[in-house]
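**Student:** Sequence:
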Amino acid sequence: MATFTCLRSLQLRSYELSNSLPPSNCSARAPLSSNITFNWSTKRLSTTMRAVESANAAAAAAGLEQNLTNKDCLGLQLTFLEGNSWLWNVRGTQILVDPVLVGNLDFGIPLLYDASKKTLKEFKLEDLPQLDLLLITQNFDDHCHVNTLQPLSKIIPDLQVISTPNAEPTLTKLFKKVIYLEPGQSTTYKSKNGSEIVIRASAGPTLGPPWQRPENGYFVDVKDPSFSLYYEPHCVFDRMAMSSEQADVVITPVIKQVLPFYTLVSGQGDAVDLVKLLKARFVVPLQNGDLDSKGILAKIVSRVGTVEEFKDLLEAAEESHVQILEAKPGVPLDVPLAMGS
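In this note's numbering, the protein residues as written are 1 to 341.
Calculated pairs, DSS-like style, for lysine-lysine (alpha carbon to alpha carbon, straight line, at most 25 Å):
id: 1; residue 1: LYS176; residue 2: LYS154
id: 2; residue 1: LYS177; residue 2: LYS190
id: 3; residue 1: LYS294; residue 2: LYS121
id: 4; residue 1: LYS294; residue 2: LYS256
id: 5; residue 1: LYS154; residue 2: LYS190
id: 6; residue 1: LYS121; residue 2: LYS328
id: 7; residue 1: LYS124; residue 2: LYS294
id: 8; residue 1: LYS118; residue 2: LYS328
id: 9; residue 1: LYS294; residue 2: LYS328
id: 10; residue 1: LYS256; residue 2: LYS328
id: 11; residue 1: LYS299; residue 2: LYS256
id: 12; residue 1: LYS154; residue 2: LYS173
Derived by calculation from the structure, the hints in this document are not laboratory data. Bear in mind the structure is a predicted one, so any value in this text is a computation, not a measurement.
Using the sequences plus the hints, can you model the full thing?
**Tutor:** What follows is the structure, given as structure tokens:
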């Protein structure tokens, strides 16, 4: 618990300093090597690795281009941007979620924690399609990333934002149109193509003293034909409230991330319980811990479980009918909502 308290104190301090800190370097850093003599095989390996990285980047770019040309999507398309970041195409409405797209994720304390993307290293804000909504779940930098939101607000100052009230101190300085939702509250967005999307906030984790307002999860509801998406990036939820809810698609962590004596991100059995409570048809595992990270805090965070173990737990809970859809960074994932409806 002391480690967690220290982490949160450092994070809160980082927000006080964020406006005075320069943006982190966007480019990937080359690894240091103690070898100064390279033979032909080493050079060939290096060339091969660069080719693989280029191929991955090309595949991601191709996927994003497909998303750009699919503005009139009539269903649900999910593009994973690594970490907690997503681009959702909901009936042609483009929703950007918890974006960390400019520089590294370091909470303003890079000596303690510094993380970069593994695949979308060269991704830029300019690569995004025309956005309709920005959705923020939490007020910490891995969800409400100041180095990303500052330039985004200059590019799209009138972007409609939906957020937890906890992020108000950051967002009020950047965006003109912000709707703050407490858990239990909702808002309706009318898209340009005439469809209506209802976004409802649910209670997520309380990241601070017990009396602090919890962060948000969200239900995204669409009608005619109807489907519902649920997203909360820590797999923390109110079980009693969830027992009366339903979601066709659940995006949730399934791999735990733990500090000594404290769980940062839940998953595994809790994710199975969430799927059962919401009577989900599809689960999209959120791999929000799959980053290139370094620093003192990165060394003491451990991962518990795998996607395969989660599948086994689902089967043991007699939920094997639930389809698991794995999202690849930068590649749009079309959810087959018509299947089994």
